[in-house]
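With the hints as constraints, model all of the structure from the sequences given.
Quick note on the numbering used here: the sequence shown kicks off at 1 and runs consecutively.
Hints are all accurate, no fakes.
In silico PhoX-like cross-links for lysine-lysine, where the CA-CA straight-line distance does not exceed 25 Å:
(1) K179 x K356
(2) K407 x K466
(3) K279 x K266
(4) K356 x K266
Everything labelled a hint here was simulated from the structure, so no lab data went into it.
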Amino acid sequence: MNLHTLRQDIPAGLVVFLVALPLCLGIAQASGLPPFAGLLTGVIGGLLVTALSPSRFAVSGPAAGLVTIVVASIQTLGSFSAFLTALILAGVLQCVLGLLRAGRFIGLVPGSVIKGMLAAIGILLIMQQITVALGAQGDAELVSLATGEMAFSPSAALVAAAGLVVLWLWTTPQIEAIKALSWIPGPLVAVLLGCMATVFGDRLLPGLSDGLPRIALPQFDSVAALAAELETPDWLAWQEPAVWIVAVTLALVASLETLLSQEALKKLRPQHPAPSPNKEMFAQGVGNLTSGLLGAMPITAVIVRSSVNVSVGAQSKLSILIHGVLLLICGLWFSELLNAIPLASLAAVLLFTGYKLATPRLFVEQFRMGPQQSIPFLATIGGIIAFGMLAGIGLGIVTQVVCSLYKSHRNALQLTRHDDHYVLRFRQNLTFLHNPTLQGLLAEIPENSTVIVDHGNANYMDPDVKAVLQDFGENARERGIRLSQWPVAVK
Numbered sequence: 001m002n003l004h005t006l007r008q009d010i011p012a013g014l015v016v017f018l019v020a021l022p023l024c025l026g027i028a029q030a031s032g033l034p035p036f037a038g039l040l041t042g043v044i045g046g047l048l049v050t051a052l053s054p055s056r057f058a059v060s061g062p063a064a065g066l067v068t069i070v071v072a073s074i075q076t077l078g079s080f081s082a083f084l085t086a087l088i089l090a091g092v093l094q095c096v097l098g099l100l101r102a103g104r105f106i107g108l109v110p111g112s113v114i115k116g117m118l119a120a121i122g123i124l125l126i127m128q129q130i131t132v133a134l135g136a137q138g139d140a141e142l143v144s145l146a147t148g149e150m151a152f153s154p155s156a157a158l159v160a161a162a163g164l165v166v167l168w169l170w171t172t173p174q175i176e177a178i179k180a181l182s183w184i185p186g187p188l189v190a191v192l193l194g195c196m197a198t199v200f201g202d203r204l205l206p207g208l209s210d211g212l213p214r215i216a217l218p219q220f221d222s223v224a225a226l227a228a229e230l231e232t233p234d235w236l237a238w239q240e241p242a243v244w245i246v247a248v249t250l251a252l253v254a255s256l257e258t259l260l261s262q263e264a265l266k267k268l269r270p271q272h273p274a275p276s277p278n279k280e281m282f283a284q285g286v287g288n289l290t291s292g293l294l295g296a297m298p299i300t301a302v303i304v305r306s307s308v309n310v311s312v313g314a315q316s317k318l319s320i321l322i323h324g325v326l327l328l329i330c331g332l333w334f335s336e337l338l339n340a341i342p343l344a345s346l347a348a349v350l351l352f353t354g355y356k357l358a359t360p361r362l363f364v365e366q367f368r369m370g371p372q373q374s375i376p377f378l379a380t381i382g383g384i385i386a387f388g389m390l391a392g393i394g395l396g397i398v399t400q401v402v403c404s405l406y407k408s409h410r411n412a413l414q415l416t417r418h419d420d421h422y423v424l425r426f427r428q429n430l431t432f433l434h435n436p437t438l439q440g441l442l443a444e445i446p447e448n449s450t451v452i453v454d455h456g457n458a459n460y461m462d463p464d465v466k467a468v469l470q471d472f473g474e475n476a477r478e479r480g481i482r483l484s485q486w487p488v489a490v491k
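Right, here's the structure in full:
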């Protein structure tokens, strides 16, 4: 580390901290957990995972993509302590996967399924945060808004709307062209605007701040108070099958999101040599194991924070470590200041994040690529929303396999005509599944024709395929059909 690196990493770490702070708080709030759990997760990801990670630029912490899994898992298991046990097991599984070098299998997951997973996460995030943005009390469901049974707060709706406007403005070329503003993260501005509404709102509109639910961070005056805030795992919960299902889901989805973030980060800032996906998976496993022990949330590498880290000129891991230290300082000594943040502002940040994950442009792109991509994409989205993350991803992969097999099956054989000459092309290896198509094409060949077979691309043919060709060849002479380059010898 030299002076030049230090001069770039310190401001980069500060910017990443300003981006991560509202996201850590918002993701915890969206998961139904104390805001301190989000900060603690960011600290573990920023310090421990960064120290073990092979990447110099990947920022780890709580991810919006896991919010729906956390919420559903806690409801299924019945308690946060049981969920922490599942998180510990998930961390162990990730470590094992890293040691087994399973990171290379990320290439087997179809792109349509990955994009469908991200879009489904975005949709679920939007569905979940609309009621929070409207200031609904308790566990109000989205359906209650449609039926008119939900009472909402105009103050919260106004603050959330203002936050969304700010977040949108920060993506426009006009704001990006102003260098001083482009260095200030949009989520931070949206949160600061919400804080101003809670502190000074009553001076502009009487009663404005009364209808703004806020986050509630505890204040620590001793190490004992800090230890009392930490949730402990339910060590007996490992005997329940549901805990293992949650653990496998967390391990797979967290690993998938981490490795996808790494792949995206390679395009933004190549590293030589490229970070090992297996070492990264092991580092994430240690992080999730620690999170489970300390009462935090699941950790992944997050592309939003990582891309910010790269764009502001980070040169080493120091920028990420600085962001982790700043999160720790905020959680321990500035909780009273952070308690001025309204939940509506955090909901606006998460709503905008959900929109970016499920942007309409993504749907248009998938449909333009044809049914082979759009059908598995939609199947993944529908499966995740209806049946859960792991089942939805499985449904998407199965659908993609079926679509690929169908497409491959249709293009395996081709029959073209040139006067009385017919050319039958085998474009790939043939199995018994191709028999109906092969029989149909052979039936189209009339009598007194010449048939040329191009089978250079078929290195293997099932015995059933050879039997069909043998039968056609034996009857060809009686029909006046001349065979050329026939792949099966005719006696």
